[in-house]
Amino acid sequence: MAKLILTHEVTGLGAAGDVVEVKDGYARNFLLPRGFALTWTKGGEKQVETIKAARAARAHASVEAAQAQAQALSSKKVKLEVKAGESGRLFGTVKPADVAAAVEAAGLGAIDKRNVELPNHIKSVGSYQANVRLHEDVSAVIDLEVVAGK
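Mapped onto this note's numbering, the consecutive letters of the sequence shown carry residue numbers 1 to 150.
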């Protein structure tokens, strides 16, 4: 088992700043290469405090503010314009950063791209849903309308 410090939130494992123990292969093949975690050391305890402070700065001030934003996100459909061919197939794929930018452009507030979860790869125009974690206890579902444009 490998002892790691998470640098990003990993679904089903923990949030940034958490110290976790995972199997060696999961650490070596997934978490470490993607930069989601650092190996734990005695000096790493200082890093844990820094990571937790940065996470707190990005987090909503309260659960009520997160619930208000979740209500606003769930009530509107977000339009996302992307380059697409005539058949409706996209040139590339929709990334969480694209969703975060579209939400902000729609006037629904700023969200962190790291908190956006896309259930499947979005490679064609149409209607989709994305999950957004706004707070540890609050998440929202965004209705996305992917259209050809640009």
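Don't take each hint at face value.
[Said to hold, decoys possible] With a Cα cut of at most 27 angstroms, we get these calculated DSSO-like pairs of lysine-lysine:
hint	residue 1	residue 2
1	K113	K79
2	K52	K76
3	K3	K46
4	K42	K23
5	K123	K113
6	K76	K42
7	K46	K79
8	K77	K123
9	K77	K52
10	K52	K42
11	K79	K52
12	K123	K79
13	K52	K3
14	K113	K77
15	K83	K95
16	K52	K113
17	K52	K23
18	K76	K113
19	K95	K113
20	K23	K3
21	K46	K123
22	K83	K113
23	K46	K83
24	K76	K95
25	K83	K52
[Unchecked claim] So the derived label-pair ranges between C-beta atoms look like this:
hint	residue 1	residue 2	range
26	G85	L38	26 to 34 angstroms
27	V19	G107	32 to 40 angstroms
28	G35	F91	35 to 43 angstroms
29	L13	V63	16 to 24 angstroms
30	Q47	K76	34 to 42 angstroms
31	V63	R114	15 to 23 angstroms
32	K95	A15	36 to 44 angstroms
Don't read these hints as lab results, they were simulated from the structure. Just so we're clear, the structure is a prediction, and the values are computed from it rather than from any experiment. No residue lacks a Cβ here, since even glycine has one placed at the ideal position from N, Cα and C.
Results of checking the hints against the structure:
1. K113 with K79: holds, 17 angstroms
2. K52 with K76: Not satisfied, since the Cα-Cα distance of roughly 32 angstroms exceeds 27 angstroms.
3. K3 with K46: holds, 16 angstroms
4. K42 with K23: holds, 20 angstroms
5. K123 with K113: holds, 19 angstroms
6. K76 with K42: violated, 47 angstroms
7. K46 with K79: Judged against 27 angstroms, a Cα distance of about 42 angstroms means the pair is violated.
8. K77 with K123: Measuring from Cα to Cα gives roughly 19 angstroms; hence the hint holds.
9. K77 with K52: Given pair K77, K52 is violated - Cα atoms ~33 angstroms apart, limit 27 angstroms.
10. K52 with K42: The given pair, whose Cα atoms are some 17 angstroms apart, holds under the 27 angstroms limit.
11. K79 with K52: Distance of about 33 angstroms is beyond 27 angstroms: violated.
12. K123 with K79: Within the cut-off at roughly 15 angstroms; holds.
13. K52 with K3: Within the cut-off at roughly 17 angstroms; holds.
14. K113 with K77: Satisfied, since the Cα-Cα distance of roughly 18 angstroms is no more than 27 angstroms.
15. K83 with K95: holds, 13 angstroms
16. K52 with K113: holds, 18 angstroms
17. K52 with K23: Distance ~24 angstroms between K52 and K23 Cα, so the pair holds.
18. K76 with K113: Status holds; Cα separation ~19 angstroms.
19. K95 with K113: holds, 9 angstroms
20. K23 with K3: holds, 9 angstroms
21. K46 with K123: violated, 41 angstroms
22. K83 with K113: holds, 20 angstroms
23. K46 with K83: Outside the cut-off at roughly 44 angstroms; violated.
24. K76 with K95: Roughly 20 angstroms between the alpha carbons, so the hint for K76 and K95 holds.
25. K83 with K52: violated, 38 angstroms
26. G85 with L38: 26 to 34 angstroms: Because 41 angstroms falls outside the window, the suggested range is violated.
27. V19 with G107: 32 to 40 angstroms: holds, 39 angstroms
28. G35 with F91: 35 to 43 angstroms: violated, 27 angstroms
29. L13 with V63: 16 to 24 angstroms: Between L13 and V63, where Cβ atoms are some 22 angstroms apart, the hint holds.
30. Q47 with K76: 34 to 42 angstroms: At 39 angstroms between Cβs, range holds.
31. V63 with R114: 15 to 23 angstroms: Holds, at about 19 angstroms.
32. K95 with A15: 36 to 44 angstroms: violated, 21 angstroms
Going down the numbered hints, you'll see the structure goes against 2, 6, 7, 9, 11, 21, 23, 25, 26, 28, 32, while the others check out.
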